[in-house]
Amino acid sequence: MKRTRYHLSRMDCSSEERMVRMSLDDIPEIEHLEFDLDARTVDVVHHGPREAIERALAGLELGASEIEKDDDVSVDEVGGASDTSERGPLMGALVINGVLFFGELAAGLVFASMGLVADSLDMLADALVYALSLAAVGGSTTRKKRLAASSGYLQLALALFGLIEVVRRFIAPEERPDVWAMIAVSLVALAGNVATLWLLRRARRGDAHIEASWIFTSNDVKVNLLVIVAALLVWWSSSSVPDLIVGGLIFLIVASGARRILALARRPGAN
30 MKRTRYHLSR MDCSSEERMV RMSLDDIPEI EHLEFDLDAR TVDVVHHGPR
80 EAIERALAGL ELGASEIEKD DDVSVDEVGG ASDTSERGPL MGALVINGVL
130 FFGELAAGLV FASMGLVADS LDMLADALVY ALSLAAVGGS TTRKKRLAAS
180 SGYLQLALAL FGLIEVVRRF IAPEERPDVW AMIAVSLVAL AGNVATLWLL
230 RRARRGDAHI EASWIFTSND VKVNLLVIVA ALLVWWSSSS VPDLIVGGLI
280 FLIVASGARR ILALARRPGA N
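Numbered per the working numbering, the sequence shown spans residues 30 to 300.
FYI, nobody ran anything at the bench for these hints, they're computed from the structure. Here a beta-carbon is modelled for each residue, glycine too, at the ideal position from N, C-alpha and C. Treat the hints with care, as some may be off.
[Stated by the list, open to error] Each computed EDC-like pair below joins lysine to aspartate or glutamate, with the alpha-carbon atoms no more than 20 Å apart:
#1 K98 <-> D72
#2 K31 <-> E80
#3 K31 <-> E60
#4 K31 <-> D55
#5 K31 <-> D101
[To be verified] Pairwise CB distance ranges, derived in the manner of DEER restraints:
#6 G88 <-> I193: 29 to 37 Å
#7 K251 <-> L183: 22 to 30 Å
#8 L254 <-> D67: 18 to 26 Å
#9 V223 <-> S38: 29 to 37 Å
#10 A213 <-> E83: 47 to 55 Å
#11 I193 <-> M120: 32 to 40 Å
#12 D99 <-> L216: 45 to 53 Å
#13 L278 <-> V223: 16 to 24 Å
#14 A220 <-> A186: 27 to 35 Å
#15 W227 <-> I200: 40 to 48 Å
#16 M120 <-> V258: 26 to 34 Å
#17 W227 <-> S285: 25 to 33 Å
Sequences and hints are given; from them, build the entire structure.
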């Protein structure tokens with residue numbers, strides 16, 4: 030077997046990792062993938078020539094370039110998590126994010142906070158990533174791409190609806206959000222994300238799905254803290270503008286991720 034390491038200069042989050050994985054899943058010669066999102070690299074363990082791999086990576090327009098190769102890799106050197114070791118933590122993460130999505134959405138509507146509504150959508154995006162990771166454990170490429178397209182359309186629709194609502198509230202201001210409710214709910218969401226990180230520690234690090242889930246949830250901790258900062262700015266300024274700005278930023282992040290997923294799902298060979 031062969032191992033080839035590629036540097037992807039524009040692969041800086043889990044949505045790009047997902048794009049790379051789904052694209053390379055179409056190549057039967059590939060045995061294993063290992064991602065390092067901090068270094069922006071992917072190690073591809075494969076049989077045969079590298080041309081198909083390089084064409085797939087070039088089509089993603091993520092700045093892929095080969096930086097290292099080994100044409101004599103033994104089977105013992107190829108890692109990989111078992112289905113059981115992946116499914117347990119991913120299922121737990123899916124449940125936590127699903128519950129937090131409904132809880133934050135309800136709280137955001139009741140307490141008039143677009144920051145909480147947007148964070149709930151971010152939780153939904155996470156839940157969909159975990160669901161896709163579960164489907165990818167032993168699943169077919171066609172199944173994964175169909176699920177990806179469905180999740181992408183859902184995320185994009187909800188993000189666009191959220192952005193429209195943010196603009197509407199800028200034009201026709203409503204009551205200021207409940208600051209202390211925002212902080213309390215964000216702290217609960219923060220605890221949920223910490224619990225998710227603890228669950229993911231039980232899975233083998235280095236596998237593409239687990240690494241993506243780890244990075245995704247780590248970023249969510251920062252989003253939770255951002256909503257808390259927005260709440261404090263609302264309290265300090267007696268204005269709902271900080272809440273709307275934060276909500277809009279989170280909606281844009283979710284929409285960007287959905288756009289990338291849909292672009293991949295529409296590529297030739299997707300179903």
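Subject >> C-beta pair W227, S285: status relative to the range 25 to 33 Å that was hinted >> reply: At 28 Å between Cβs, range holds.
**OP:** Would you check the hint for K31 and E80, treating anything up to 20 Å between C-alpha atoms as holding?
**Re:** holds, 13 Å
Original post:
Does the hinted range 26 to 34 Å hold for M120 and V258 at CB?
Top reply: holds, 32 Å
Subject >> Straight-line alpha-carbon gap K98 to D72, limit 20 Å >> reply: Between K98 and D72 the Cα gap is close to 9 Å, so the pair holds against 20 Å.
**OP:** Could you tell me whether the CB distance from L278 to V223 stays inside 16 to 24 Å?
**Re:** The hint (16 to 24 Å, Cβ to Cβ) holds, given that L278 and V223 are roughly 22 Å apart.
**OP:** Could you check the hint for me, namely that A220 and A186 are 27 to 35 Å apart, CB to CB?
**Re:** Cβ of A220 to Cβ of A186: about 29 Å, so the range 27 to 35 Å holds.
**OP:** Given the hint of 22 to 30 Å, check if K251 and L183 actually sit that far apart at their C-beta atoms.
**Re:** The hint (22 to 30 Å, Cβ to Cβ) holds, given that K251 and L183 are roughly 23 Å apart.
Original post:
Is 29 to 37 Å right for how far apart the beta carbons of V223 and S38 are?
Top reply: Because 31 Å falls inside the window, the suggested range holds.
**OP:** Given the hint of 45 to 53 Å, check if D99 and L216 actually sit that far apart at their C-beta atoms.
**Re:** Roughly 47 Å apart at Cβ, these two residues keep to the hinted range, so it holds.
Original post:
Between A213 and E83, does the beta-carbon spacing fit 47 to 55 Å?
Top reply: holds, 51 Å
**OP:** Given the hint of 29 to 37 Å, check if G88 and I193 actually sit that far apart at their C-beta atoms.
**Re:** holds, 33 Å
**OP:** With 18 to 26 Å as the target window, see if L254 and D67 comply at their CB atoms.
**Re:** holds, 20 Å
In this structure, none of the earlier numbered hints is contradicted; all agree with it.
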